[in-house]
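The opening residue of the sequence shown carries number 2 in the numbering used here; numbering runs sequentially from there.
Please keep in mind that the hints were generated in silico from the structure rather than gathered at the bench. Just so we're clear, the structure is a prediction, and the values are computed from it rather than from any experiment. Careful: at least some of the hints might be erroneous.
Quick list of in silico lysine to aspartate or glutamate cross-link-like pairs, DMTMM-like style, CA-CA up to 20 Å [claimed, not checked]:
#1 K95 x E147
#2 K450 x E147
#3 K95 x D55
#4 K450 x E26
#5 K450 x D440
#6 K95 x D25
#7 K95 x E26
#8 K95 x D105
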Amino acid sequence: MPRFPDGFAWGVGAASFQTEGAVDEDGRGPSIWDTFCARPGRIANGDAALVATDFYRRYREDIALVRELGVDVYRISVAWPRVVPDGTGPVNPKGLDFYDRVVDALCAAGLDPALTLYHWDLPQPLEDAGGWLTRETAEHFARYAEAVAERLADRVAYWIPLNEPVVQTMLGYAIGEHAPGRSLLFEALPTAHHQLLAHGLGVGALRAAGARRIGTANPHAPQRPASALPEDLAAAELSDALWNRLWSDPILTGRYPEGYAAAMPGPVERDLAAISAPLDFYGVNYYSPTTVGAPMPGRSREMNGYRLPEDAPFVTVDSGLPRTGLGGDADPSGLYETLLTLTQRYGELLPPLIVTENGTSQRPGTEEPGPDGRIHDRGRIAYLDAHVRALHAALREGADVRGYWHWSPTDNFEWSHGFAQRFGLVHVDYESLARTPKDSYYWYRRLVKGELAS
């Protein structure tokens, strides 16, 4: 393993709804994911996150495990409905108190807290009022961000207003595979603008409250054409615009890709001035590239385990590469390409990069303790080894990458896939909630400590 620069920030990350549980305790209100999980057939195996991994009670145990890894950063998310149960109106003191305790525990463990303020768990009353289709949701988010920062800005090292807004738009509002389960296709585009506006207003609110190191966490991945046919090239270009540039262009350049501003609501030019507020880092979530083609007979309508509607303008095509447990390509060259593409496309407009998420699940059923009591997740180690090397190669080629945060420290509730997909360095027995470090945990600890470097 090549050596990384001094000060390179190693970390891990997790999300509130996937880990906390305690969904109806201490004043927490319902979120769109609580509602979605209650709908029959929406979650694999009928799973629900009522307990999840019980981070709400076991956060000290999980923090101790992360401390033993030797990493620098523990990224968590704040549950909006735990802090502001209705999405707007009074703050729930018990909700803020919980995150106050967690941040104190992180600091006491020598870990830099990284807080994501929105990881898809929109308060249900806001969805009932229109959700991300309405401008008011962005304004409510800014007030929520201000309330959290006023309490925690003195101790939090990194701030991420919204995680992966493209996923909320595409899976939640366009094709209905995630909460809130709407299937609007291109009529979901206003949710993109309102989430970008929430990001910009959130950055302003955080700065005003004294927050430091503010960034974002956008998923980026190459959208590769399935062939040289003109229709496949056009499909890949459309997918690249929707998945990548629709989010990075407004934030980094203050402009939408050509043709998209006209599809957005509100005073777009004025909003773009807020959306493009300067950042201290640009977070990249990377898992897999996508091979994209035009809809044709015989082509699957699956996208990383999700079903695309019949009228989708493009489909994903089997690349022939090895697959992760979730169904994406296990291809580290995509991370290398992503980091260099961002570097070359945006130049001086691009803040320092952090890989804010990267990780993999294995085939369901392959990550249980063996006869020796250990979890030999060799596939995850191979995936991480290759991706960390790809990151270093991009760094050598000029990408200014300042950190790598593995997703995730423990197994957790994997959204519509329920508990079948395990992403953790630490195995969680979902009946006893016992934690068992996997082989990848020990490998990552050696990586962070420099013991794998040559």
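Status of the hints after comparison with the structure:
1. K95 x E147: Judged against 20 Å, a Cα distance of about 17 Å means the pair holds.
2. K450 x E147: Not satisfied, since the Cα-Cα distance of roughly 36 Å exceeds 20 Å.
3. K95 x D55: Judged against 20 Å, a Cα distance of about 17 Å means the pair holds.
4. K450 x E26: Cα-Cα ~39 Å, so violated.
5. K450 x D440: Holds, at about 16 Å.
6. K95 x D25: holds, 12 Å
7. K95 x E26: holds, 10 Å
8. K95 x D105: At roughly 15 Å apart (the allowed maximum being 20 Å), D105 and K95 satisfy the hint.
Hint check: violations occur at hints 2, 4; the rest are consistent with the structure.
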